[in-house]
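The hints should help you fit chain B onto chain A, whose structure is shown.
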Amino acid sequence: MRSICTLLFIMLQSSIIAQTEISGTITDTKGIPIIGANIYLDGTYDGGTSNDNGSFTFSTSEIGVQTLVISFLSFETLYLSKEVEAMTHLKIVLKEDVNSLDSVILNAGTFAAGDNSKASVLTPLDIVTTAGSAGDYIAALQTLPGTSNVSEDGRLFVRGGDASETNVYIDGLQVFQPFTARTDNIPTRGRFSSFLFEGTNFSTGGYSAEYGDALSSVLLLNTIDEPDQETTDLQFINVGLGGGHTKKWENNSLSVNAFYVNVKPYQNIIEQRVDWIKPYESLAGEAVFRQQFDSGLLKVYGGLNYADFELVQEDINVPDGINFGLANRNLYLNASYKGSLGKDWDITTGASFANDHNKINIATTDVDNDENSAHIKLKLRKRFSNRFKLSIGAEQFLVNFNETAESPDFDTFRSSFDNNSTAIFTEANIFFSKKLALQLGVRGVQNTLIEDTKISPRASLAYKTSSKSQISMAYGDFYQAPQQEVLKYTSILEPEKSSHYIFNYLYQNNGRTLRAEGYYKKYHDLIKFDTEMPQFNSDFTNNGSGYAAGVDLFWRDSKSIKNLDYWVSYSYLDTERDYRNFPDSATPNFAATHTLSLVTKYWVEDWKSLLSATYNFGSGRPYNDPNESVFQNQKTRTFNSLNLSWAYLISPQKILYFSVTNVLDFNNVFNYQYSNTPNMNGEFARQAIRPNVDQSVILGFFWTISDNKTDNQLNDL
Amino acid sequence: MKTLLIIATFLAGLIASSQSNYEKGMTKAFELWENKNPDQAINLFERIARAEKENWIPFYYAARVHINTAFDSKDADEIESRLKKAQEYLNEAKTFSKNNAEISIMEAMLNMAYVAYNPSVYGMTHSAKVEELYLQAKTLEPENPRATLYHAEWKMGGAKYWGKDPKAFCPEIEKAILYFEKQSNHETPFYPTWGKDQIARVQQNCK
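Chains A and B supply the protein sequences, listed in that same order. Mapping the first sequence onto our numbering, position 387 (from 1) lands on 794, and the numbers just tick up by one. Mapping the second sequence onto our numbering, position 6 (from 1) lands on 12, and the numbers just tick up by one.
Source of the hints: derived by calculation from the structure; they are not laboratory data. Note that this is a predicted model, so its numbers are computed, not measured. Misleading hints may appear alongside valid ones.
Stated by the list, open to error - The calculated lysine to aspartate or glutamate pairs, modelled on EDC-like cross-linking and capped at a C-alpha distance of 20 Å, are:
#: 1; chain 1: B; residue 1: Lys170; chain 2: A; residue 2: Glu1012
#: 2; chain 1: B; residue 1: Lys161; chain 2: A; residue 2: Asp1013
#: 3; chain 1: A; residue 1: Lys1061; chain 2: B; residue 2: Asp171
#: 4; chain 1: B; residue 1: Lys30; chain 2: A; residue 2: Asp449
#: 5; chain 1: B; residue 1: Lys104; chain 2: A; residue 2: Glu633
#: 6; chain 1: B; residue 1: Lys90; chain 2: A; residue 2: Asp449
#: 7; chain 1: A; residue 1: Lys841; chain 2: A; residue 2: Asp509
Next comes chain B alone, as it looks inside the complex:
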């Protein structure tokens, strides 16, 4: 009996250690990203994604690091190839998780990156996609704080462009703050919860 118990404990330990492998890997990748090693982080996210199979989350973060890095880049070739790669990762993420609001939000940000980088080429074609994707995300999760916040920021940009008052969308930010507070820790580890720190930046439009 005792032996069985030991074996059982041992097996449980094995399972736990394989579980923590994923967590260790993901945590390491986030560290790499924080320490300004985006490409190493992307590589690790991709390795985890390929090993995990049927898990959209590492693909999602691989795309996210590419998109964030593209936003900071000035090099046209780098931006184009990062965004292209990010789209591939998101497409893979979508095959494992259909109708996922978080993936729609990330895809909206990807299209925003295209618009920001070359408005004369991509402005007209990709703006409609951005809007469509945010709407899609909000339909799936009406109280998603990221969709609410970033959609409001996008709308504010549009309002400023058209000479209208961006403050019209400030109540949306208030809603986003509320949704961030209500946001419960998801049972899936590493489920996206980011974005709260961006509220202040977006709120500058309301001053």
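Bound-form chain A, shown alone:
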């Protein structure tokens, strides 16, 4: 008995000891050996690491069919199932992981600002520490190439397109009124406080099929998924004050903030060109709630904004000026959910709603309008492999507009419309290798108001030319429904159309970035009318057209000089269009041929100070002189502005901020207004349209209170 047991014992032991040798070599697709790959039998400790020749060998006591796993950084993990005994002299070829950091990026037309230092040209911090931006993320984007400097307006004018050609999205859902209420020559700002956002994508053309109804550009803002910590922020500036608080719980968090602006005390000190009756005053509140689920994230954003002002606008035809008053109330709600459905399916869905109410008084006319807008969206994305992903989506837009205009001169005039549209889109992302990627998309939109259906293709291709450079191209058709000012009076129109052709070169090397982009944009079916402004008796057509061609250059260097970070943007723009009431094709007033921005940021360690200087240059802007026979053939003087700011960190949580715009006091002219009738000499008199103030000064104190005492609001300046 005992001997049997001993025998059994020996047999068992020997079966444990019986070892099989596993060996092979690992190369990439080009046959170059991969060193340091991890090779092991799944579920066991048995494995090894490939040596300098890419070869490996290890022994195992496993038998039968097993799975050999081969993994290495930036390569796709390979699984190989076969008999252990047959795992000798294996020739293993690993494919590059196209999701790794050094892969080609589909970036034609796009500026990304995010934490991923490889793919983005700007960090979120850059957007808000730029001198002259005064915490407005839109103003900071205007230092990027492709944008025109239209500082009397404040909105984004992209590549020869006017401000209505850019759409803004928060978490993938449209923002219907992204800018604060304004009137001619009073610049606006973005409605939203910059510190609620962590990622920004600014596309100056050729953007994805997921977005539509914008001829030129989209700006995609993403709210913070998860705040780092609980904080309380207080802001005191010379034109207002604000505060915010973030509270975190186990799986959710809430951020609230409010800001009050009253420029009256400031305007009493600094002389203004505009004669204010009631200076600008506004109150804004925002809240974001985030809830983390096992496989998804829900974010709910709400913003309420109230603003009013009244002023007398200079007008060459009205000696006493025109009295203009405006009170605006804007409510914006946005709820979005993104999550995983399992089996490599992802879902992004949500809805946004806006109510915008204006009470406007122009001389003796009272206008009261109300607009309700909604956007509902569902997008599904399937990851078939790292190399092929497909997304499909559907969205619905609803806009209801009502307006009443009353004047002693005419009867009450009412206008209203329902502008509803449905869109579907699909897009495929294909990585042929780490070097070559393609994105193909198509979008279909049906608009029930103008009774029109349009299909627009989009394509983007990128090829990595070396480890530090790549080229990319994009093409797309873009449609945009007529704007509110036109839809009030007619709906018998087609959407306007543009086609983009973009060629991009990107070079990135250790803190230095060069981006050069050439483009051609063709406009079709632009809306024309035969009156000075759109009105009830205008004759509207789609007979307009135009083009824009140009080169955008961007150079950024944060390495060459210690503590100095700078970027230079230059845009060359050649554009003409026949639209609105233009008698001929001409370059519009907002489009300067040459635009240059130089942004510098210098960190002075000893002073604990971030010094920032921004210089903006624009060549002369076209304007029309009725004394000349040719339409719009005159140019204003060049635009120059040097802005400085100084952020001094008193302690990690207290910042003193001081900024001055146009420190050299350049005398800038945007346009000229001519009188409607000639004077006695037969000449049309004119007056220059100039900035409301030549220089502005901001002084602020920002205080953050948090448990950990390191966070501050430098992010928001």
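What follows is chain B alone, placed relative to chain A:
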């Protein structure tokens, strides 16, 4: 009866040998690391982690070797890819062990590595995370010596930067020394106990 006993002994031996497999593997991985083969060590830690299932410790060490190696590297691409991989390992470790002070400390060190490597890009965003993670670790284990020591070092760095006296945090180091002495051998094999040898380095700020 005797047969049964033999079989029982044999089975016990089998179990013991599978237990020691883990210990042998881990010990081998530590040896590789000590002998300046960080990538082989990481590979072995990862193999053990994948075979073990539901054990956070090998993932933790795979991350730790990446982070320590990243601290010594000057190559931006290498640092970025190591830290990215380390974060993935820590995320896996967290799925097996929630509210683990040691994992929070390691994640704080990972974020410190980002700050150290590129302060202008990561300083503002990741500093807050470092602080939050150390606080989290201290809430979970108020007497954790590593959390106490490394948090004090981080605070000293901040104090020096702001022109304040880093010595204000020296009592924290004294506390850390005490906690290291009190630190009992954990029943879980290979449970983190490292860090005592770093006291002298951090204490230089107190001279």
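ask   = Against the structure shown, which of the earlier numbered hints fail to hold, in ascending order?
value = 6
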